[in-house]
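S.K.: Sequence:
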Amino acid sequence: MSNATVTLKDNASGKTVDMPIYTPTHGDPVVDIGALNKEFGYFTYDPGFVSTASCKSAITYLDGDKGELLYRGHPIEQLAEQCTHLEVSYLLLNGELPTAEQLKNFEYTISHHTLIKDNLLKFFDGFNYDAHPMAMLTGVVGSLAGFYHDNLNILDPEHRKITAHRLIAKLPTIAAACYKHNIQQPFMYPRNDLSYCGNLLHMMFSTPCEEFEIDPVAEKALDVLFILHADHEQNASTSTVRLAGSSDANPYAAIAAGIACLWGPAHGGANEAVLRMLDQIGDVSNIDKFVAKAKDKSDPFKLMGFGHRVYKNFDPRAKIIKGICHQVLSKYGNDPRMELAMRLEEIALKDEYFVERKLYPNVDFYSGIIYKALGIPVEMFTPMFAIARTVGWISHWMEMISDPSKKIGRPRQLYIGAAKRDVPAISAR
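Taking my numbering, the leading residue of the sequence shown gets 43, the next gets one more, and so forth.
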C-alpha cells in the first residue's frame, strides 16, 4: 500500500475527488474506486472485469507480458521441476512449502480422506451410462455437503482446513467413478499406499480381474500437469467460486459452481478443442491451407491452443508441458498429432501474422495430446483439469472467507432496457 492518490474530475460539475492508489507486490497499481458512486453518482463499466481488481489475494501472480507465473512467489518452472503436486497444494493452502515432516503428515491426511461413502456412490446409478463426466462431477461434488455436514462452520479455521483436505482428496475418487460409470466397469476403491496421481491412475484403469501396475512416466506426467493447472489467479472458475462463496454458501456448493464454470469450452474445454482441431487438419500437408483459413476473418475456423486472454508472451506452462509431452510420447508411441502440433508451433513462432498478434502456444496446446497418449478419453480432459484446480479454488475460498473486508458479490449493470412505462390493459396490447 502507499499514500499515493489519483484525482478524478467530473467535467460536468467540475467536482474533483482523490482516490487512493494501492501498490501491489508485483503488477500494476490499483485505484480504489469504492467511493466513486457516493462522490460522483457513477458506477464503472468494465465488461469481463478486464480492468477491475475484485479482491486482494496473496496466492498467485501472473504477468502476461513477461510470461511469468508465481505460486506464493515461487516460479512455476521451479515448482514443476522440484516439487510434487501435493507439495504445491500445501504451498497454495498454507503460504509456504512444507518441511519433510509437514509433507509426510499432509500426504497421510490426503491419502486417508480419498474414500467416499458407498451411499454417495449410489448417486451414479441415477445418471445415464453416457452422461458427461462433468455433469456427474458437478452434481456429486455439490451433494457432498449432505454427507459431510459435520464440519461446515465456515467461520471455524479447523473446519475450513478439514473441508479443503476432503475436497483435494476426494475429487480424484469422484472423477474416476465418473469414468468407470461411463465405461460400465466396477468402481475401484482408492489405495492409501499410492501417490496422489498413482491412485488416480489405479482408480481409472485397474479392474478386479487383474493386477495393475502404475507406470512412473504416466504418474509423473499427471503430477506435472496438475501442478501447472493448480491455480491461475482470478480466472472465470475461481472468480465463480469466490462469488458463490461470498454469500456464505457452503464450500462444496462453491466448488461445484466452479466446476460448472470450468465446463465451458472457452475455459476448461480448450485442450479438447485442440485435439478436435488437429483431427480436423488431419495431416501435415494440410497445415498451410488451415493456417490460411485461420488468417481469413471471414472464415469461422480458428487455431485452438494459440494465444491467451492474459499472456501476451509465451505461456510459461507451455514450455514445461512440451517437454513432458515428448517424454510421454517416447514411452507410449508417437502420436501423429504431435507432428501436426510441432509444425503449427513452428509457424506460430515465425509467421508474421502470429508474431504481431502474440499468438503463442498455450498450456492447452499440448495437454490434450498427453492425456490422450495416457489413455484418458476426451470427455475426461476437463475433469482432470477440475482435479488439479480444486486446490486453487479452495485456497481462494479460504482466503476470501478469512478476509475481514469480505462482502457478498454484487456487480452493477448498465441498464439499456425500456424506460419506465405503464402496463396497458390486455385489450390494448
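Keep in mind that the hints were calculated from the coordinates and are not lab data. Incorrect hints may have been included.
Claimed, not checked - Here are the simulated DSS-like pairs of lysine-lysine, each with C-alpha atoms no more than 25 Å apart in a straight line:
id, residue 1, residue 2
1, K203, K159
2, K364, K414
3, K262, K414
4, K80, K57
5, K108, K98
6, K448, K462
7, K392, K344
8, K373, K337
9, K339, K262
10, K414, K222
11, K108, K448
12, K108, K80
13, K344, K331
14, K400, K203
15, K400, K339
16, K335, K146
17, K331, K392
18, K400, K344
19, K335, K392
20, K361, K108
21, K80, K98
22, K203, K146
23, K361, K392
24, K339, K361
25, K364, K98
26, K262, K222
27, K335, K400
28, K262, K400
29, K364, K339
30, K344, K361
31, K448, K361
Stated by the list, open to error - Quick list of simulated restraints, FRET-style, between CB atoms:
id, residue 1, residue 2, range
32, P466, D172, 45 to 51 Å
33, A334, F229, 47 to 53 Å
34, A177, L371, 27 to 33 Å
35, E381, D52, 58 to 64 Å
36, Y457, A334, 51 to 57 Å
37, E381, A46, 50 to 56 Å
38, G459, A308, 24 to 30 Å
39, C251, Q144, 35 to 41 Å
40, P62, G115, 53 to 59 Å
Glycine is no exception: its CB is placed at the ideal position from the N, C-alpha and C atoms.
S.K.: Compare the structure with each hint and give your call.
M.R.: To see whether the hints hold, each was checked on the structure:
At roughly 20 Å between alpha-carbon atoms, K203 and K159 fall within 25 Å of each other, so this suggested pair holds. Distance restraint check for K364 and K414: the Cα-Cα separation of roughly 14 Å lies within the 25 Å cut-off, and the hinted pair is therefore satisfied. Between K262 and K414, the direct Cα distance comes to roughly 15 Å. Compliance with the 25 Å bound is thereby established for this hinted pair. Annotation: proposed proximity of K80 to K57 holds, straight-line Cα distance about 13 Å (limit 25 Å).
A threshold of 25 Å between alpha carbons decides the hint, and for K108 with K98 the separation of about 22 Å falls inside it, so the pair holds. Restraint check for K448 and K462: not satisfied, since their Cα atoms lie roughly 34 Å apart, outside the 25 Å limit. Straight-line distance between C-alpha atoms of K392 and K344 comes to about 18 Å, which keeps the hinted pair within the 25 Å bound. Of the supplied pair hints, the one linking K373 and K337 is violated, its CA atoms being roughly 36 Å apart against a limit of 25 Å.
Taken as a hint, the K339 and K262 pair is broken in the structure, with Cα atoms around 41 Å apart against an allowance of 25 Å. For the hint pairing K414 with K222, the CA-to-CA distance comes to about 17 Å; that is within 25 Å, so the pair holds. Among the hinted pairs, K108 with K448 is inconsistent with the structure: their alpha-carbon atoms are about 31 Å apart, more than 25 Å. Taken as a hint, the K108 and K80 pair is broken in the structure, with Cα atoms around 37 Å apart against an allowance of 25 Å.
Annotation: proposed proximity of K344 to K331 holds, straight-line Cα distance about 12 Å (limit 25 Å). Of the supplied pair hints, the one linking K400 and K203 is violated, its CA atoms being roughly 41 Å apart against a limit of 25 Å. Of the supplied pair hints, the one linking K400 and K339 holds, its CA atoms being roughly 17 Å apart against a limit of 25 Å. About 53 Å separates the Cα atoms of K335 and K146, which puts this hinted pair outside 25 Å; it is violated.
Distance hint between K331 and K392 is fulfilled; the C-alpha atoms sit about 17 Å from each other, no more than 25 Å. Taking the CA atoms of K400 and K344, the gap is near 15 Å; set against the 25 Å cutoff, the hint holds. This hinted pair checks out: K335 and K392 have alpha carbons roughly 17 Å apart, not beyond 25 Å. Under the criterion of a C-alpha separation no larger than 25 Å, the hint pairing K361 with K108 is consistent with the structure, at around 14 Å.
Restraint check: the Cα-Cα separation between K80 and K98 comes to about 22 Å, which is no more than 25 Å; the hinted pair holds. Distance restraint check for K203 and K146: the Cα-Cα separation of roughly 17 Å lies within the 25 Å cut-off, and the hinted pair is therefore satisfied. This hinted pair checks out: K361 and K392 have alpha carbons roughly 17 Å apart, not beyond 25 Å. Distance restraint check for K339 and K361: the Cα-Cα separation of roughly 29 Å exceeds the 25 Å cut-off, and the hinted pair is therefore not satisfied.
Between K364 and K98 the alpha-carbon distance is near 33 Å, which puts this suggested pair outside the 25 Å criterion. A C-alpha spacing of about 22 Å is found between K262 and K222, which places the hinted pair at or below 25 Å, so the restraint holds. Among the hinted pairs, K335 with K400 is consistent with the structure: their alpha-carbon atoms are about 18 Å apart, no more than 25 Å. A hinted pair counts as satisfied when its Cα atoms are at most 25 Å apart, and K262 with K400 does not qualify at roughly 31 Å.
About 29 Å separates the Cα atoms of K364 and K339, which puts this hinted pair outside 25 Å; it is violated. With a C-alpha separation of about 22 Å, the suggested pairing of K344 with K361 holds against the 25 Å cut-off. Simply put, K448 and K361 have alpha-carbon atoms about 37 Å apart, too far for the 25 Å limit, and the pair is violated. One distance hint, 45 to 51 Å for the beta-carbon pair P466 and D172, holds here, with the actual separation near 49 Å.
For the pair A334 and F229, the supplied restraint of 47 to 53 Å holds, since their beta-carbon distance comes to about 48 Å. Distance hint check for A177 and L371: the Cβ-Cβ separation is about 31 Å, which falls inside the suggested range of 27 to 33 Å. For E381 paired with D52, a C-beta distance near 60 Å keeps the hint of 58 to 64 Å intact. Between Y457 and A334, the C-beta spacing of about 43 Å breaks the proposed range 51 to 57 Å.
Between E381 and A46 the beta carbons are some 53 Å apart, a value that agrees with the proposed interval 50 to 56 Å. For G459 paired with A308, a C-beta distance near 27 Å keeps the hint of 24 to 30 Å intact. With their beta carbons about 39 Å apart, C251 and Q144 fall inside the hinted range of 35 to 41 Å. At about 25 Å, the CB distance of P62 to G115 disagrees with the hint of 53 to 59 Å.
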